[in-house]
Each structure stands twice: as C-alpha cells, then as structure tokens.
Amino acid sequence: MMPQVALPILIPLFAGAVSLVFWRSRGMQRFIAVAGTAGLLATSLWLLVTVRGDGIQVMHMGGWAAPFGISLVADLLGAIMVVLTGIIGFAVALFSLATVGRGHEAYGYFPLLHLLLAGVAGAFLTGDIFNLYVWFEVMLVASFALLILGSEKAQMEGAIKYVTLNLVSSVIFLVAVGLLYGMVGTLNMADIARRLATLEDDGMADVLAMMFMVAFGIKAAAFPLFFWLPASYHTPPVAVSALFAALLTKVGVYALFRVFTLIFHHSPGYTHEILLWGAGLTMLSGVLGAAAQFEFRRILSFHIVSQIGYMLLGLALFTPLALIGGVFYIVHHIIVKTTLFLISGIVHRVSGSYQLAALGGFYRSHPWLAVLFLIPALSLAGMPPLSGFFAKFIVIRAGIEAEAYGVTFIALLVGLLTLYSMIKIWAEVFWKASPDEEDDGVPKAVGQREMWLMATPVVGLALCTLFIGLNAEPLYNLAEASAGQLLAPERYIQAVLGTNGEEMP
Amino acid sequence: MEPLMAITIGILFAAAIYMMLRRSIVKLVIGLILLSNAANLLIFATAGMVRGAPPLVPKGMTAPETAVADPLPQALVLTAIVIAFGVLSFAVVLVRRAWEIVGADDLDQMKDTDT
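From first to last, the protein sequence lines are chains G and L. Position 289 of the first sequence, counting from 1, maps to 289 under my numbering, and the rest follow consecutively. Position in the second sequence counted from 1, then plus 1000, gives you my numbering.
Bound conformation, chain G alone:
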C-alpha cells in the first residue's frame, strides 16, 4: 500500500473539513491553513521521491482492480505537478494570512482554499477519465466561490464570464467522455489508450481528440478560447488571483499533456499540428493583449495566456526535447507567475492601487521589493541565468530541431515583447516618481509582521527561480525522465493494468 499517492488529495480535503468545524475560530482556521498546506507539500515531496526512485505508483481505490475501479496513478509528470501544488498552496496560505481580510475569512476563504487544492491534486493524480471530470468540477466549484468572495461589481461581471465558459468547457468534456465510453467501453485512461490503439475508426478518434482539445483548451486558456481569463483573474483578492494563475490553467495544460501523450497519439500529423498553431497564436495574442494593458494584474493575466502557448508548443512539437521543455516550462511558469502576482499584491497593499498610472516611486521607498520584482520579471522574459532562460531555450531549440521555424520565430518574438511588458511595469511602478506629491516616497503604514508574512513566500519563490536558473541540471534530469515516461505510454499502461495487460477480454 502506498499512502503517499492518496495523501495529497486526502490532506487538503481533511484540512478543509476541519477548518469548517472551526468556522467561528479565525485563529484556528489560519493555523490549519498553514499546517494543511505544509502537510500537502511534505507528502507531495515524499510522493515525488518515491516515483523518482521506484517508477509509476498506482493505487486502486477500494481494492477494485483496474480497469473496473478508479485508480490513482502518479507518474513523474503528475508527481511534479503535485509538488508544485504543494509549494504554491503553502506560499499562498502564508500570503493569505496577511492580505485576506476578516470579511473574506468569515465567509469561508480557508475551507475553499483547501477544497481547491484537493481538486487540483486530484486532477493530477487520477487515472480515470470520468474521475478527472469530477476533480475538475471540485476545483471549479471552489474557484467560483473564491472568485466572488467580496461581491464587488467587477467580480460579478468577471465571474459570469468565468462561470459560463468553464461550464461550457465541462459540458464538452463530459460529452467527449460519454462518446469515448460509447466507443471503447471503459473509463480507465490506461485501458482507453490500449483499446483505442486497436480500433479501426481513426476518424471518430480524431473527432474525440478535437473535443478534448477544445474542452481542455478552454480550461488552459489557449487561443482562441482564452478571453475569460483576462476578464476575471484581476478581480478577486490577490491571493486568489495568484492561486488561480498558478494552478487552474495548468490543470488544463496537464490534462492536454496527459490525453495527447497517452490516449490520442495515433495521428500527430493532424491533432498536434492544430495544437502547434494554437500554441503559436496563444503566445502571440497573449503578449499583444498584455502590451495594451495598464493595470498590473491584467498585464500579468495576459502573460499567463502567452506563457501557456510555450507549454503547448512543447507538447505540440511532440519530440523528446520538446516535451522536456514543456515540463520544464510548466515548473518555471508556476513559480514565477505566482511570485509576480504576490508582488503585485504587496504593491497594492502598500499603495492601494493596481493602475500603473497611479503607482510609482517604489524603487525609492522599497528597494528590496524592486529587486524581488526584477528576478521573476526577467525570468519570465527569459533572461539568463534565471529559470525562464533554460525553459525558453529548451523549447526553442526543440522547435528549431523539429524545423518548425514559423512557431519558433513567434516564440522568440514573444520573449522580446514579454521583456517589453515587464520593463513597462518596472518603469511605471518602481522607477518613475510617485504621482502622489504629498506622500512621495513615504510608504503607507503596513505592520512589520504583516510585511514579513507577505515577503517570506515571495522571497522563497524568487529564490526557487534563481536556484533553478543557476542549477538547472537536477530539474532538467527530472523533466527528461518525465518526458521519457510521457513518450512511452506503454509503461503507464503496464503500471496501471499490471503485467498481464497484453491480453484483452
């Protein structure tokens, strides 16, 4: 029995339930938030070490053997994603202690946070496609409620777009699962992959592949289905924005990686070509959208879209190096993007605004924050020696090796435009003089303890990107092993269905 496969799901669920019990006790809820996410981080690291050492871990729920029961499967990609969930969950929980107001906490912010983390971890670990749908919904319901905490006008408008698009995506996903079941008669992803390979009807498989691509494409905010993201991510409290930015779209990306390496790899000339162009246009439209924005979090939101393009590019090229790049990019992006959102939160906490025009003078008043911003900002743009450089380098090199010059050129151009966006924020928020004459350079009163709570996760995450940049080899090796598993789906199938997986009933 391998408890670490299920623990990353059970711990947040349990923590959420316990913090519901302490509904009236603010201190207890805050303590559980930190303890629960720390537990999640610890078990996820345990899981990663196990998977790295002993290969793919499988746990059959309730003792029902696959393909009849629901299996939890942790391969390297899943384990890496769960570790990232743990890191981000812990960082955001710490940050929430200082930034989420009493009113939000009283309406169940922390239980929802735990539920969201459980949904995300469940989606990364399940080996059953209908179960994946269920975890998606767990995650979505929690995110709906988090998104509208506070009930401001912008939140309501953003939430309507977010809810509608995500529900449509869920329905498309559900229909695709139903049709897939009608075709192959099973829901276990390993079993689906095995049976689909023997099916004659390639046309129908392509139709299903496209349905999954659209459903997960909406969740991942890929072109042309990304517009719900910049319309909603800048509206909730900043800790929620950071959590969403880090994890929600990445669940969509993970699902695309899983489905298009394990199940639908029969005609890459068709499906992966569409993904390739989708990836290129995602990058370009995201970064051009960001260039037109002058609100801190909206710029960052559009950059999520453009960065999703790089990850999809890694998947779409479908070569070993490209997949390594894709996995590497996901790791880099989650860490860096969360850091940037948290920094925008600190800026907002100090000055009370997200509008670039109303900000300024931070280099004078908070020089340490300016340095902290530059690290993830330059990393996002792909400057050496930070993590973004290696992530971009691997993906672009894979593009050149696969002779996809058009998309590679877009990737390089988008890197440049990302730098432009980041410099724009730097110049407006940190460099230019503060537009408020009377309190020029004098920060608003933010308590010492509060500042430490906000700064600690930011410093930790910034050190992560610096560390990955200076010492990229361990992560590269990990991504390489993970890409190796993705390109050999028979190992996944073998691990889930057991050694006698060859004969079919």
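Treat the hints as calculated values from the structure; they're not laboratory data. Values in this document were obtained by computation on a predicted structure and should not be read as measured data. Incorrect hints may have been included.
Looking from chain L toward chain G, a few residues come up when the C-beta cut is under 10 Å (computed) [unchecked claim]:
#	residue
1	V1057
2	A1084
3	R1097
DMTMM-like cross-link-like pairs, simulated, lysine to aspartate or glutamate; straight-line CA separation at most 20 Å [what the hints assert, rightly or not]:
#	chain 1	residue 1	chain 2	residue 2
4	G	K153	L	E1100
5	L	K1027	L	E1100
6	G	K153	L	D1070
C-beta: ideal position from N, C-alpha, C; glycine also.
For chain G, the structure is supplied; the task is to place chain L on it using the hints.
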C-alpha cells in the same frame, strides 16, 4: 429508440446554444441548464438502450446469462446530474447577485472588466 433519443439530444443542444447566444443573463443560465441536460441524456444513450434487462447476476452464477443493460453510464449520469445541479444552482444565485449589484440583465453592459 436510439434515433428518437439522438434527435431529442440534438434539439436540446441547439436550443441551449441559441439561448446562450442571447444577451440576457437569465437566458444564459437557461441555456446552461439545457446544455447540461443534453450532455446527461447523451451519456445515458451512449451505451445503447436495452429494455427490461437489469444488470443482475443470478444466484449461484458469476455472470449474467443474457445481454443486460450497461449500468455504468447510468452511474455516470447520476454523478453528472448531481454535479450539474450544484454548479447550476450556484450559477442561478450568481446571476441574481450580479443583477442586484450591476443593475442590468444585459451582458453587453457588463464590460467593466474588458477595458
């Protein structure tokens, strides 16, 4: 039975998409409800319609003797209905709150977040 089911599902999908393309947020929610019902019916129909053959194994045997209805899609539909019910009731409350706060039922007037 299957052709009738297929046509019903098709009409439901068409009606849902038509409603979702309207500007009113109330009609948007009605569209979402129809959409999830259409999806549920579709899953129900995927395993084929078998009448009067419950998937029960007779006593003393390990497998049913004749072809039986596939119970799995029904279980899936049950799950999907419960999830859709929860999510859609959230959507209804959201629309009501949005109407209270924004003061409009028109999606075209909800563009504060798009500038």
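*Please name the hints from earlier in the document that this structure breaks, with their numbers sorted from lowest to highest.*
Hints 1 and 6 not satisfied by this model.
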